[in-house]
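So you can see what is in the structure, the chains are spelled out below.
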Amino acid sequence: SQQGEEDPQALSIQEGENATMNCSYKTSINNLQWYRQNSGRGLVHLILIRSNEREKHSGRLRVTLDTSKKSSSLLITASRAADTASYFCATLGGGADGLTFGKGTHLIIQP
Amino acid sequence: GAGVSQSPSNKVTEKGKDVELRCDPISGHTALYWYRQSLGQGLEFLIYFQGNSAPDKSGLPSDRFSAERTGGSVSTLTIQRTQQEDSAVYLCASSRQALNTEAFFGQGTRLTVV
Chain V
1 SQQGEEDPQA LSIQEGENAT MNCSYKTSIN NLQWYRQNSG RGLVHLILIR SNEREKHSGR
61 LRVTLDTSKK SSSLLITASR AADTASYFCA TLGGGADGLT FGKGTHLIIQ P
Chain S
1 GAGVSQSPSN KVTEKGKDVE LRCDPISGHT ALYWYRQSLG QGLEFLIYFQ GNSAPDKSGL
61 PSDRFSAERT GGSVSTLTIQ RTQQEDSAVY LCASSRQALN TEAFFGQGTR LTVV
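Chains V and S are the protein sequences, given in the same order. By the working numbering, the letter at position 92 of the first sequence is numbered 92, and the numbering carries on one by one without gaps. By the working numbering, the letter at position 90 of the second sequence is numbered 90, and the numbering carries on one by one without gaps.
Since the hints were derived computationally from the structure, they do not count as laboratory data. All the given hints hold, so there is nothing to weed out.
Mimicking PhoX-like on lysine-lysine, the simulated pairs with C-alpha atoms at most 25 angstroms apart in a straight line are:
{"no.": "1", "chain 1": "V", "residue 1": "Lys26", "chain 2": "S", "residue 2": "Lys57"}
{"no.": "2", "chain 1": "V", "residue 1": "Lys103", "chain 2": "V", "residue 2": "Lys70"}
{"no.": "3", "chain 1": "V", "residue 1": "Lys26", "chain 2": "V", "residue 2": "Lys69"}
{"no.": "4", "chain 1": "V", "residue 1": "Lys56", "chain 2": "V", "residue 2": "Lys70"}
{"no.": "5", "chain 1": "V", "residue 1": "Lys103", "chain 2": "V", "residue 2": "Lys56"}
{"no.": "6", "chain 1": "S", "residue 1": "Lys57", "chain 2": "V", "residue 2": "Lys103"}
In silico negatives: residues of chain S with every beta carbon more than 10 angstroms from chain V:
{"no.": "7", "residue": "Lys11"}
{"no.": "8", "residue": "Lys15"}
{"no.": "9", "residue": "Arg22"}
{"no.": "10", "residue": "Asp24"}
{"no.": "11", "residue": "Arg81"}
{"no.": "12", "residue": "Val114"}
Calculated from the model, a selection of chain S residues having no Cβ within reach of chain V, i.e. all distances over 12 angstroms:
{"no.": "13", "residue": "Val12"}
{"no.": "14", "residue": "Gly16"}
{"no.": "15", "residue": "Lys17"}
{"no.": "16", "residue": "Asp18"}
{"no.": "17", "residue": "Val19"}
{"no.": "18", "residue": "Arg64"}
{"no.": "19", "residue": "Phe65"}
{"no.": "20", "residue": "Thr70"}
{"no.": "21", "residue": "Gly72"}
{"no.": "22", "residue": "Thr78"}
{"no.": "23", "residue": "Val113"}
Just so you know, even glycine gets a beta-carbon here, dropped at the ideal spot from N, CA and C.
Extracted from the complex, chain V is given alone in its bound form (with noise of 0.2 angstroms):
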């Protein structure tokens, strides 16, 4: 079952713009990853953040992640072309449960 829903399903800016993502889940998480996809194969991780951690840095991305309301966001300033992806994020419970993904965001950086 898909834990994670990307908000929004697509989104299109210019260039050099920052763009924004954001996750919401619905039970209890151990830690929040996000993940780029190009072309349909492979998954690329970005960033993982744990539950007892707020925001978190790696280059031109910033993830945050807030629990009271079961939600996180990623946000990668100064886009470039080459940015084109889908973005998904995943959680992972505290259980048995595998690495569950939501349905991800596809972005596209108008050159």
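Knowing the structure of chain V, use the given hints to seat chain S on it.
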């Protein structure tokens, strides 16, 4: 190996035939996941292995789907009596352990049932 390896990369099969998809995880990774992704859709969780055991089989769509993992390494996903709705990209991922670590994905097997 350097990464997660899946084979074959593409498979075309006739409706009703059985197919076997293979995943070679990164050496030493104890957690292994199988997902299915239809065109333009999100990842549908199928099954998760911790070592050789599968604590969560709830995602398998029907009893035509089965998976095994031997020696805590290679995993095979078998689809019996394939149907056209089984056409999708099947993705495998592994991680060092289930908790607090990132998952590394293979490039997937694109299955087409004709």
